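Engineer: Quick mapping for you: the protein sequence lines, in order, are chains W and Z.
Numbering-wise (the numbering used here), the first sequence opens with residue 731 and increments by one.
Numbering-wise (the numbering used here), the second sequence opens with residue 15 and increments by one.
These are calculated hints, taken from the structure and not from any lab test.
Fair warning: this is a prediction, and the values are worked out from it, not measured in the lab.
The reader is advised that the hints may include incorrect statements.
What the hints assert, rightly or not - One-sided excerpt, in silico: chain Z residues whose CB lies under 7 Å from chain W:
1. Phe33
2. Ala34
3. Trp36
4. Gly37
5. Leu189
6. Arg193
To be verified - Sample of chain Z residues lacking proximity to chain W, with all beta carbon distances greater than 12 Å (derived):
7. Ser53
8. Ser60
9. His171
C-beta atoms are modelled at their ideal positions from N, C-alpha and C, and glycine is treated no differently.
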Amino acid sequence: MIPELGQFALSLALIAALVQSVLPMWGAARGNVLWMRSSQASALAQFLLIAFAFAALMRSYIVSDFTVENVINNSHSLQPMIYKIAGTWGNHEGSLLLWVFILAGFGAAVAFFGRNIPQALKARTLSVQAWISVGFISFMLFTSNPFTRVFPPPLDGTDLNPLLQDLGLAIHPPLLYVGYVGFSIVFSFAVAALIEGRVDPAWARWVRPWTLAAWTSLSAGLGLGSWWAYYELGWGGWWFWDPVENVAFMPWLLGTALLHSAIVTEKRDTFKSWTILLSILTFSLSLLGTFIVRSGLLTSVHAFAVDPERGVYILGLLFVSIGGSLALFAWRAPAMEGGGLFAPISREAGLLINNLLLATATATVLFGTLYPLFLEAVTGDKISVGPPFFNASFVPIMMPLLLVMGVGPFLSWKRADLAGVLSRLKLAFALAALVSLGVWYATTGGPVLAIIAMGVGVWLLIATAQEWATRVKLFKPDAWARIRRQPRASHGMTLAHLGVAFLVLGATGSSAWKEDIVAFADPGTVIKIAGFELTFESVERQQGPNYIADVATLSVTREGEFVTNLYPERRFYPAAGSTTTESSIRQTLAGDLYASLAEPAAEGAKNNWVLRVLYEPLVNFLWIGTAFLVLGGGLSLSDRRLRIGAPRKSKPAPLSATPAE
Amino acid sequence: MKRLLFALPLVVAIIIGGFAIWGLSGGRDPSALPSVFISQPVPQLSLGPIEGVNSPGLTTDDIKAMQGIKLLNIFASWCGPCRAEHPNLERLAREEGVTLVGVNYKDKPEAAAKWLAELGNPYAAIGSDYSGRAGIDLGISGVPETFIIDADGIIRHRFAGPLVGDGLRRFMETLNEVRK
């Protein structure tokens, strides 16, 4: 009964979305306040109905209701409860339900927390949001119904994909989706502004908190996803430039650009059409991601069960939403420019460079991701574009960006004194050069790009810290009071920039100086790596709740001193008929010692275990860096100025003396 | 001029959309992998029979000695999709006039024997590839996979995945082409 109610609620949500997509828009055009206000009721109704449907599906998973096809395919009665719950979104239909749930959630949030947004803009925004809802709810109801029943029900389910039975991955999709889908509201704001024909600093100020919320969540989601790949897949890598990773990364890159260009629109009333374009493109890339993951257009390790018919439907949705919004942009945006002028050396120019480089980087990733498709269409050749392409194209674009990032926050609006700023950064520059030389000395003949990257990372770290110290006059009396007085958003910027510096250090260290040994091992085998000695002690068989595990014991010593024991595992899940590796990692700030166990070459033979041991220097800075990004985003989001928002009258916001974020 | 610039994003989006439409249509299968062995003779295999199964083992010379078109199917009892395609393999062996041979990939002999006893054994010969070595030699990416081998012992097609539904239809088209 409950699954039917869930489906019924979903159908009602479609009707609510249909009403919401027409009535408020019409009301805004005719100045009918009542119709505009209806958006609040319909946004809330839509949200509650989808929440009910989502809860209904989750209940089916919790009680292991094997009359529901979706539950059969993705759950098992013996599975631990947390993974039963995670199974709700560990599949195409359920994750789509989560998708529309978050979509409606953002709509309802704008309806209720966006009190200071003018009535007409809010009504139009919510209508546009509802257009997206209509598209995706109908997609679910017509092609991917999560509530389909099966008769007769089987005795047990086929288990959630064992790779997905992991805590990191249980929370990774919801976070990623909040980010991914969160950009929808920014898109809706942009389309509403285009329809209204007005973009001003106040608009940028209303949009920013939503962008920031989506961006922060996407950062966390990407970080968790890559952490999962790192310790679960057993390859010791954390980023593979796989199409599905790329499509989640592109909205993040472009969202970062949007975050910065919206500041310029807010503070200086310029970059308007660019900010609008970024708002549209960021969400368009999210949609493109949804399309690529679910249509089977490109092969990927992540893809859901794919179905070209679903692909055609989503492509239709994409055509209407992306094509429509970009056509609207081409039509309305040319009338929009104007605003503050600025000198070639100024904070605006710095942010312009930031935007150009981020947009170029995004375009590079997009091209690399779609290139196999282009090539196959034109010549029929099948290729895959891998890390070499992205390392050779993406990394060099990021280097100048990181250099500018160190200087940018020092620059003042309108006109800045570059020579003065650079002279203040002499120390940072010298230290960065010193680190580069030091690294070069230590690893003579090491990869040149990596040595430069280490220097750039250190440069960014010091320049950012110095900017913060200068701003709060850290070494003068009452520094703490000044720190408290500064807007939180500006501290948020410092944290996020430091996070990027950590990411650079972690990414460079762990990819350029990684040590990797694959060995055939038997109890007694000794493996030497990065100054450690690992002795393979034994393997024991253990029984888990829904799996059988072979657990190896490795004792690690360094120069004869005992360091730790590592216990890599290999799990077999009988219901799903597949195995996973659980790596065992000794984590330190300097680097991770990482061991994973592959399948035995043949039973009973000598040296029959395959051990993979890696040493990854600095890899933990990746997770620290991600944490800084998320903290920085969260801190900015808690800024009072963003919560209160701009005054209703659309005058340019007063230029504050404090540096912007 | 300025208007054209503002229309640029739309133009780019439409071009990408055009490629996407192409990508979804025309029976394109992104998982159809080219095999390095296409148009090559079958690599050297020398596999013993499965213990307790009344089928001979499989060697490259056996395959060459067989008449007509051969299908080489790689299967395992632990693989769900193999179970799904099994009835279709039986029908192919019975009705299409091809010789079906199998490679039992990384499977325990008793499990494989039980599986074949339960579902029926359509294979003229089955090699037991317990170590997975033959799988590497054939360059497979998973089970099940099916190769079409022509009368001269040359590999003509490689199909990854179960022979059911749409996949089976495409496979039959290829098989008919090889027959010509």
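Engineer: Run every hint past the structure and note whether it holds.
Structural biologist: Each hint tested on the structure:
Using the Cβ-Cβ criterion of 7 Å, the hint placing Z/Phe33 at the interface with chain W is satisfied: the shortest such distance is roughly 5 Å. Hint status for Z/Ala34 relative to chain W: holds, with the closest Cβ pair at about 6 Å, below 7 Å. Residue-level restraint check for Z/Trp36 holds (minimum Cβ-Cβ distance to chain W is 5 Å; threshold 7 Å). Hint status for Z/Gly37 relative to chain W: holds, with the closest Cβ pair at about 5 Å, below 7 Å.
Given the 7 Å rule on beta carbons, the hint for Z/Leu189 is violated: about 22 Å separates it from the nearest Cβ of chain W. Look at Z/Arg193: its Cβ only gets to about 24 Å from chain W, farther than 7 Å, so that hint breaks. In this structure Z/Ser53 is separated from chain W by more than 12 Å, as the shortest Cβ-Cβ distance comes to about 16 Å. Against the 12 Å criterion, Z/Ser60 stays outside the reach of chain W, whose nearest CB is about 16 Å from its own CB.
Every beta carbon of chain W lies more than 12 Å from that of Z/His171, the smallest distance being close to 15 Å; the non-interface claim holds.
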